[in-house]
Each structure stands twice: as structure tokens, then as C-alpha cells.
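J.: Residue-level listing of the chains:
There are 2 protein chains.
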Amino acid sequence: MRLTSLISISNLVVHQSHAFLNGGAFVGNQIVGRASTSLTRGGRQVLKAVATAPVVTESLTKAAVEARGLAMDSIGYCHSGHLGLPLGCAEIGAVLFGHDSGLTYNPEDPQWINRDRFVLSAGHGSMFLYSWLHLAGYDLPLEEVKNFRRFHSMTPGHPEFPNSEHNTPGVEATTGPLGQGVANAAGMAAAAKMAAARFNTPSHEIFSNTIVALCGDGCIQEGVSSEAACFSAQEGLDNLIVVYDANDVTLDKMAEFTQKEDVAKRYEAYGWDVVTIDGHDLNAVSKALADAKSNKNGNPKLIIAKTVIGKGISAIEGTNAAHGEAGVKYVDESRKELGLPEEKWYVSPETRSFFKEKASSLKDTYNKWQDTYKAWQSANPDLAKLLQSGIDQSTPSAQELLKVIPEFDQTKNIATREAGSVVLQPLADALPLYVSGSADLHGSNKNYIKNGGDFGVNFGKSYTGRNFYYGIREHAMGSILNGINYFGLFRASGATFLVFADYLRATIRVASLAELPVGYIFTHDSIGVGEDGPTHQPVETVSGLRVIPNLDVIRPADPEETAAAYAASIERKEGPTALILTRQNVRTLSEIPVSVRREGTLKGAYVAKKETSDLQLIILASGSEVQWAMDVAKDIPGARVVSMPSMYRFDMQPESYKESVLPAACTKRISIEAGVTPLWWKYVGTAGKVLGTDKFGLSAPGDKVMEVFGMDYKGLKREVEAYM
Amino acid sequence: MRLTSLISISNLVVHQSHAFLNGGAFVGNQIVGRASTSLTRGGRQVLKAVATAPVVTESLTKAAVEARGLAMDSIGYCHSGHLGLPLGCAEIGAVLFGHDSGLTYNPEDPQWINRDRFVLSAGHGSMFLYSWLHLAGYDLPLEEVKNFRRFHSMTPGHPEFPNSEHNTPGVEATTGPLGQGVANAAGMAAAAKMAAARFNTPSHEIFSNTIVALCGDGCIQEGVSSEAACFSAQEGLDNLIVVYDANDVTLDKMAEFTQKEDVAKRYEAYGWDVVTIDGHDLNAVSKALADAKSNKNGNPKLIIAKTVIGKGISAIEGTNAAHGEAGVKYVDESRKELGLPEEKWYVSPETRSFFKEKASSLKDTYNKWQDTYKAWQSANPDLAKLLQSGIDQSTPSAQELLKVIPEFDQTKNIATREAGSVVLQPLADALPLYVSGSADLHGSNKNYIKNGGDFGVNFGKSYTGRNFYYGIREHAMGSILNGINYFGLFRASGATFLVFADYLRATIRVASLAELPVGYIFTHDSIGVGEDGPTHQPVETVSGLRVIPNLDVIRPADPEETAAAYAASIERKEGPTALILTRQNVRTLSEIPVSVRREGTLKGAYVAKKETSDLQLIILASGSEVQWAMDVAKDIPGARVVSMPSMYRFDMQPESYKESVLPAACTKRISIEAGVTPLWWKYVGTAGKVLGTDKFGLSAPGDKVMEVFGMDYKGLKREVEAYM
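Residue numbers (full-length UniProt numbering), protein chains in the order written: chain X, 1 to 724; chain R, 1 to 724.
These aren't lab readings, by the way, just hints derived from the structure by calculation. Predicted, not measured: the structure shown is a model, and the values here were computed from it. You may find that some hints are simply not true.
Which copy is meant is left open, so a pair is good if it fits within one copy or across any two.
To be verified - Straight-line C-alpha distance at most 25 Å; calculated DSS-like pairs for lysine-lysine: (1) 704 - 634; (2) 450 - 714; (3) 658 - 695; (4) 704 - 146; (5) 573 - 253; (6) 385 - 403.
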């Protein structure tokens, strides 16, 4: 069989050189293949080129057919799922998992630190991933492929990063919310660059990971991928390859209904290398991947693979009906057309043996790497220890971490964001693999690691830099944070104004679900922001975050609570933590012993002031309002103050501790927090009273706004008096 | 003074024609000016062109200087705010508000329906807007300019669309959260296209609005503007002009630190016309605006205005220090350098008189339009009546609307999303100015107006179409919905899966703050989604929305509650409404009279089943869980069921109604909702019990997932028995 590949030249490339008509076809900045005839496809100039060396084998072709069969059978069996991508990208899967130009991995050691990462950004096409992981020899038995989308299977509807519910080896990211996977991959690529810069030595290369994401039109349309694309080019992530399954179809309609843009040109504008290929041509896929992997020119790579959605179900392929499970009614006839036997979930002995051989060849690479690693380990024992600590995620306990944070000057009143900056420095010294970053608000968020350097290229940046400049791209920041944490070595945190947590909320949800230890530093935490007004004053944001399962939200009251909050965020491995910090100064609560404030914060809530007569009243507060609770309670012997920086942590305490802090016998309770009130009813009870800001704020100096909303000493005193 | 303008040619344009070196400079697709010498600026080829006809006047130059003075004085006075943009864009402001090539407006009638709209997407530069609105003669007295950022001033920190707190004439959108303003403008441009298509006649043009947004690097970097840019080109919004204040600086650093992309090329890839100019050259600004306004070629226009941030404060202009208020310490010397007198907030008699003349000339245009309008009105009385109803936002009451919705077949069980589809049709018939749309999920959200047609161009779309295809761009959809509603004629609603409400949450916040009557149709509302798994199963999302002030969140239990929910969303004018609908079928609660379900929904909660003996227990539920509450309570004489579709509405009822539904005497209460539980404590009380899903869901058939989480008849029965 003589094979040809379709290679398209985007406009820019044509513009960059006019040589293309004379036989040299430009792809990104490289010449590939030899142009023969030109034709037009999808409105873009396309060249039909003879590939320089055929790489396709009968085995890959066969594997692609059988992967199609697996997807059809699993989706058909449960009558649910998405046929479009697994069928349309079967050849891409064959090359990725079956050919040298594809991924470097070891199915026996899915956690191998130098493996390439594959992210299925179009997560709905999960049967693509499961089929290929199974064929490639990962510990994903055929039984589990059959159990697709069933209760407690290893093959949930969308890929889920191994967590306490699932452990599907080879799944590198939780995907489905579109666009985020591309940004996750950018985060992984950044982490890989950092790993290489931090751990490789002139004589030993430990890290050389390539990150490959497969995405669809949905991912390309989402803004988060645009942001991530810009960041990736900016920071020179040439180890990132995005394969764009360009099938010209979205769920509702043909893609042209919503997408007339020139995607190639757009990515070139970001600074990516772009090539357009026929995604069903194994040679073209292989060549594009090989070129992308080898060309370390500083540019990320976009491979636009023109495919036919649902290819293999001739009744509906190429239409939006092929996207979901509608095609299952044609499965029987389609399997026949593909030449598959009647046996469902059929994998031929030839394919089994092909992947056995593939695994063995991959094992050689793996073993060679192990030799390198051992040599590196002997030569660099300290580095090796550091690396191991990253692999093990062996961060110290919060108590240990707190030892490196000196007590604050108890006579000085500072903002908790400022306290955060102070706390961060010794923590960063103690944790070399902790990295920070901000969406263009380093100066305001104050989470800059002072001796950490800046991550990236040019302008004095370096890949060893520990401060990320995400630009004004909060959504991408959130997904990149997830990506860095998925990579598994670095602990990444990022910052913006609290009110803009909304921009990255969709990624916080994924971090919570995937149980990633991401840290969020959200400053400017209430109407106390002042003059910037309601667009910049969070009122509902803290509560909005608190309802996300598995997210710890900590709103410390003063510098010592901030120290504990930071330490807690680093100690926590089972999910993300959001630190909620003030813009404005708060009173340092020097009347409470430092250890009480620190340890109390770790428990979520604690008695900040104990009543000096019979308990009459409990004032609950968080963050900047604790100072007022303390001030007001000072003059009321029967009043207790409970500082509650984290509802999440408090809820997890044993009942005995909860009762010791909030005795059931005392139903006279009042809460104050400069935010919406509904969540406080749980702790205040029916007989209680909740004080807060249940409407949007206003533009005026912060103290004035606080006063207007009663979020100050006078306001609280007035309400407490009225209540008692 | 001889004036020249710098006009850059982006790569594509160069590529499209090679004539540029011979004297013809391409801007977008048009030749402007005559090239003289070429130079390089900011890495892009730039042509120095002699403008064909100087349009600058001494008056505009003077006005720009005085506008700078106003910004310096106001920001200096309150020591807060952002100097960078008002100073860097002073010439742009002068042309926009002072020259024919700029905006068409009437300061005496800021609600004039054919005015051009100006959106300051970079909302932090609010003093730009206030200065120019004041100079242009809007009812924004100098006193209010002086009161910038003070309590209850008309000049809050970021521009706020007139609402119950503020009424600043000329402010067309609440901006500050970056990127959204560009998308708001796209929404306004879409609304203007629709207005023209719906109301203009061959003999009378009532609508010819141009929409101008001014944005900065932050807006350009945000993904939401990317999404909106793609949508705008797709739908041919050539009435949209985005002026990009390209000052090469972001808050933290020089922009090149985070932004190496070629923005011009990127926008060309979307399908925009792009021109790069010197933003301080009045001629160039004027020419670019005039060209952009007149060139109705189907493409939106991007004017990249190279500016010097903070221009006028020589000590820091052009650096990131000029972004905020840091420059106020140089104000005195800078004012002198600019030639301003010592008097603060100085406006010369010449400038006053210039804008008086300008207003008078604008008034001529306005008066001519009034003549046209009157003629049109006489010729088209029905159309005029419809238009007036849009201007007045005179939608019928929910009770009236419910009259057009027939009762459902009470024997059939359908999903509430399906009920939504049924309900939408008569409502859409009754409300010709109501428009719908979806982020590529029309088939799933089922909010398609069946006889409404599709909005846009090509593929059978038309600007009269009432169904918007937003593509897979939820964030832009949210902002575009705001933009359509800002425009003031149409009531726009949009849809996606509930779990992806997170993607547009930042825009829902703005809609709530700006009191826009946006409708959100969020379907697939719980773990009942089933096989798609936890990435697609909202558990926290409903509660996350409920905490947003001024957002009504309604989760109906069955078709009749859905009818009322839809009607309520249309009746409500003071803010947005989110309808939360099921994917799966629910039992139609035929045992409750239709009128009780409908009217009860409008009140937020109601007694769905009254106890038949002494009240022992109240079961509270919402949405799909109400059916289980009814089924379980059927066998318990002392049990009452309260259906609570909207906490927001219930909270606003008089105490007497609340007591009638939830008598304080009955503290035995249990709630069930397939979502996180914390918000229910407010209604259930200390002695109560809350049932829900406080962790992420899992992938399995929906019934199975519901069973696993106890969100079914058996689960509720078990818990109720244990509780009693």
C-alpha cells in the first residue's frame, strides 16, 4: 500500500516563505515532505505530500480498527457515552500508543517520572483513553472496559485522575469540562521544564517528558485554552503538543455554524508551530508527532488533525449525530463493515502480540532510563533526596512547618495578605518544591517568593524560577495549577483577588474532585476592599467556595492564624486549600496566646476568648471580624468568642471538640462575617442571629463601607446589645 | 502643527497585498493614507502615513489635556484609583466624545435608543469615563467628579450601570472584571443588529448604533474576550469597534513579560479587521474610527492604539508604576508641565464652549432621528408599540404569563428540562422580544424557540433569529447575555449544563450587581445526570448560585412548577433568574392542584402536602426530590411536605406567610435535596436533619447514583424513620 499524507500549510507559513510551490512544504518553521499537487480542503490551502518514509504498519491499522470496536461495544453495551472521538481519532491513538513517534511510557510503571503525559482534554471521548490504555497493557482489564460507565468501574464516564474513588492507571488528568485539559497539559509542560531545569545535570538527563493533549472543537472554542495557549508560547513550552481533533462538528451543529475562525493562524499568532494533517493517515500523524517532539525551538506545537467524527459508523460519520451514543443502533452493521468478528470487545492475537512487543521495546527505554537515574542518584545524593520527597509528596506536618515561622511582632497590626508574604518566605525556604504565582497581581497578592526567581524564558526568567507570571488569565492559571500538581513533583499555588476566584472556579472544582493539593491565595477578601467598589468586593465568594466539596477554605483573623492557614494548606494532600486574606490591616490578637491561635486554626475553630462568668453568649466570627468580636466581648463577662477560620476543618473535628467550642446548651449565638450569611445558620442555630453583608458592597473608603454594613466595633456592639 | 499618524500593517494584510511598499497602506481591507517611510515599532511593521485630511483641532487637544487634569485631580484627591488609562487614552476620549468620527449620542437623552454605546471594558480606568461624560455635558456635575470613589457618589471606583444604588447617565455597563466589557459590547452589537433587523424598514432606519469598547491588555489576555471575539466575527458584527489601549504595560510588569503574542494577527484569524495606530495622534484615532464605522463588510473592527500609559506624568509614564494611583505624588509638577493652571478640576471656557457646540451639533442629528422615528411610528404602529414595550421593559406579570401556558398532562412524567421546552414556546409567542440561546447544548438544554429562527449570518441564520448559538463559550455567553440586556430592548436568556455555570459565574455576578433581568436555563441539575459522572454532576452548584445576592435560583419539582419558574424569570426585572432543571424524568405531582404548584412556586415555597393529623414533621425538598417527599409523607398523617423551589423568593415573603408554611412550633424538620446541605440548616434548624450529597457524585446510571446517595424513596424513608 502506497501511503500519502495531507499536509496543510496555514496562511502565515505561506506568507513566511513563498517557496512552498516549488516543492518545499513548510510546517511551522520546518520543511516536511515534498509537495506534489495542491488542493483545497475546509477552505484552507492543503498540500498533498509524499511522506519521506512510510511508518505505518498493518498492526497499527488493525489496532485502530479494534479500538473502534472496543469503543462501539462498550458504548453500545451501556447505551451511553460518546462514539465520535474514539472512532474519529483511532489512528491518532494507534500512533500515540503504538508507534515510536508517539508516547514514551511504561504500562508496568504508570507513575514513572519520565513518562510522557497524555491528557484527553475532550474528556467525553473517554472510551478512546480506556481502549488504548487497555491495548497498551496498562492494568485496565477487559472486564473494566466492558463495565464502562457502571457503578464503581475503573472506567467512569469522563476520565478521573486517580483519587480515593478511582485508580485507573494511565489517566493523567480529570477531564470533561472543556478546554481545561489543554491548560492542564500546559501546566504539566511547565512542570516538566522545571523538573528538567532543577534535576537534570550536564551528564544525566532525568527529565525529558513530552506532554500531549488531545482536544476537540469544544476545547479550542473555550477561552481557557486560549489563555493557556498564550501562556505556553510566552514561556517557551516546546515540550507541549496539542493534537486538535478537527472534525468540523460540534454537538449541536456542524462546527462552521459557530466557528469560522482560522485556528491555525490564531495559534501562530500566539507563537505556536502549527501543522494541519489528515488525522486518519497514520504516516502523517506519525510524522507530525515526531517533528513536534524533536523540534525544540521554544514553540509549543499544534497538530490540526482533520478527522471524520464517528468514522467507522458510515450511517452517521461526519455529522453531529456521531458525537454521542446515537450511533449505537448501527454498531452491528458497522462492526461488519470494519471487518470485526461477531465477538464483542474483540482484540486479535496479532494486536495483543504487537502491543506486547511494543511494551517490551518501551521497557528497554525505561530500563536505560533507570540506569541513568541510578548513576544520577549516586552522583547527586542531595538532589535525589529532594526529588524523592517530591515523588512521595512528603511535606512536613503543619506543626513542623509552623516551627519555621517566627512569631509575629504582636504589637503591630498588618493585613493578613502582608502576613502571608512574611509567612511564605520561610515556608518556601523549607520546601524547595513549592512554587507560587499570580495572575498579574503579585504586588497586591503579596505571594512572591522573594529568593525564588521567575519561571519562564527571557526577561531574566528561568525554568528554575518559582514565581509564575500567569498574566491576566485566571482561568488558565487555575488549570495550569492543576497541571503542575498532576505532574506530581511540585506543590503549586496561585493568587488573584478573591472576587476573581469566579474566573477560575471551574478549575477549583476539578482540583477538589481530583484531590489535588493546590493552594489558592485569594486576597482583598471583603467589602473592606473599599474604593474599588462592588465589582471588586467579594461578599458571596467565600461562601461560594465553602460549598465546594473537598475544598478547605481558611479565612484567618490575624498574622498567627495566617501562619497556621498557610501551613495547613501545605500539609493538606487530599485536596486544595483556599486562603482568604485581607487587603486592609487587622488588629493582631495579642491577647490570645500564639499557640492557641495557630493550633486553633488547624482545627477550624477555637475558643478565642473564654467567658469569665456563666456562658451567656457565643460570638462566632472569621477573618477581619474576629477583632470586633474580641473587642465587644471584652466587656461582657458571659460572652465567649469563637474564631472560625475554616468551617471545613471544624466540621471534621470529633463531636467532643465541637461541643467544647460550641456547647449545645448555649443557644444564644451571634455570628459576624463581612460576607453573605446563610452558611452561618448551621453553627448559630434557630435561636441565633447572623450578621453579614447579604447585598453587594459599594465604592468608598474601606472603613466607611464596613461601617455602613455594620461590620465594625460599633455595628457589632449595637447588634449584640439588641440581641441580649 | 503638521500632523502625521502612525499606521501599522499587520502581517496578514501585508500578505494579502504586496502593494503597501508602493504607497498604499492597508488597514483591514481598506487603503488609508499614503505611506511615506517605514519603521519598526513593538516588533511589528509600522508605516508612517500622512493622513489625508487633518481632523484634529486645538479644541480636542485642549480637551485631552483638561481631561488628564480632571483624572489627576480626582485620583489625587482621594488617593485612590487608576491614572494609567485616563491619561494614556485622553486623545482617544477626545475623539470619541468630541469629534464626528466618534460616538453619536445626546447627553440630554442618555437613553436615546439609537445612541452609540460606549463600554469601558478596562473599568479600572473609570476616571476616563467620568471626565468625558462630564465634559460632554451628561448630567454628571463637577461636584460628582470631585467625589470620585466616595460614599454614595455618582462616580464609584468602577463604572456601574444605573441600578438601585447608582444612576450615572452615560454609563452603559458595569465593568471592572476584565475582558467582560468586550463581550458585553459584542452582546450590545448583536442586540443592535437584531433591533435593526426587527424594526428598521426599507424607508426608515431607526437603529444604526455603533458599539465601541475600550479595553486594555488585561481584557485582551482574558479568555472571555477571545471567546467573544470569535462569536462576533462569526455573526458578522461589523457594528462593533474595540479600541485596544495597547500600552505595553500590565499591573505587575511590562506587558512583554506575559504577552508576546501578535494580537493583530490573532484578531485577523478570528475574522476581524485590524488596524494599528498611534493612540495619541488625534488624526489617526479619528481616521481609524471613521473607517471602522463606515466599513460594513461584516467584520468587527479592532483598533490597536499604541499609547503611553499615564501620559502626562513624565516621572512614571510608560511604566507599570503609572497604572494605579502611585503617580499622584507627581500631580502638581505634571499639571504644570501640561500647562494647566493651579485651579484643580480646571475646565477652560473654550472647552466648555466646544462641547456646547458639539452637543448642539449632536442635537441636530438627534432631532433628525426623531423626525424619522415619528414618520416610522405613524407608518408602523404595531412595530412602534412593540418597540415601546421593549423600551419600557413592560413584560406581563407572572400570573398573566401563566395564563398562556396550558396545564400539562398530569398523568405523564417528564424531565423539567422537557417541561421547560414546552413552556418556552407559548411564552416566546407572547413575548416577541424574548430571545434564547445555548452554548452548543440546544439539544440537551431544550430551550430552543421553535419558530424563532437562528440569530446571525449564513447557514440560514438571520438577525431576526431568536435562538443564539454561542458555541462552546459559556463565559462569553454570560457576558453577551448581559450585553443584550444592557442594550435595553430584548430579554435574553441562555443555557448550558448546570455544572458549567461555573464557567460563566463571573458574569452572573455582574448581572446580579447591575440588576439585569437575564435568564439562565441550567439543565442536568444533580447526580441524577448519571453516567457522565462527577465532572458533569453538579452537587454544589445550586448552593453556589444561591449565595449570589440578587440572583433568584429556582429549582422546580415538576412541569407545573417549571411553568411558574419560567414565568417568574420573565416577570422579574430587578435581577437575573437561574432555572435549575433536571435531565431525568420526574413524577408530575398531580396530587397537588395545578394552581397550588404554580402559585406556590412564585412564593418560593409552599405546603405541597398538608398534615392530616397533628403536625409532627416537616419534610422540605426541592426539585426532583419533592416526589420522594410526597411519596414518603403519604403514609405519615402528621407529616407536611414543603416544596421549596426558591429560597430567594421564600426569604422575601412576609413573616406571616413564612410561619404558615414553616410553623416555628414544629422543630422536627428534615430536608432533602440532591446537592450539598449547608444552606438548608437555615430552614431546618438546630433540631433538624439535612439530607443531600456533600461529596462529588460518581459515574453510573442516574437512578443508581441517586440510590447510592440515598436520594430516592427508599433513602428518604429510611432517614425519616430513623429521625422520627
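J.: Run every hint past the structure and note whether it holds.
T.: How the hints compare with the structure:
no. : hint      : in the structure
1   : 704 - 634 : within (24 Å within a copy, 54 Å between copies)
2   : 450 - 714 : neither (39 Å within a copy, 58 Å between copies)
3   : 658 - 695 : between (30 Å within a copy, 21 Å between copies)
4   : 704 - 146 : between (63 Å within a copy, 18 Å between copies)
5   : 573 - 253 : neither (42 Å within a copy, 33 Å between copies)
6   : 385 - 403 : within (22 Å within a copy, 73 Å between copies)
This entry does not satisfy hints 2 and 5, going by the numbered hints stated previously.
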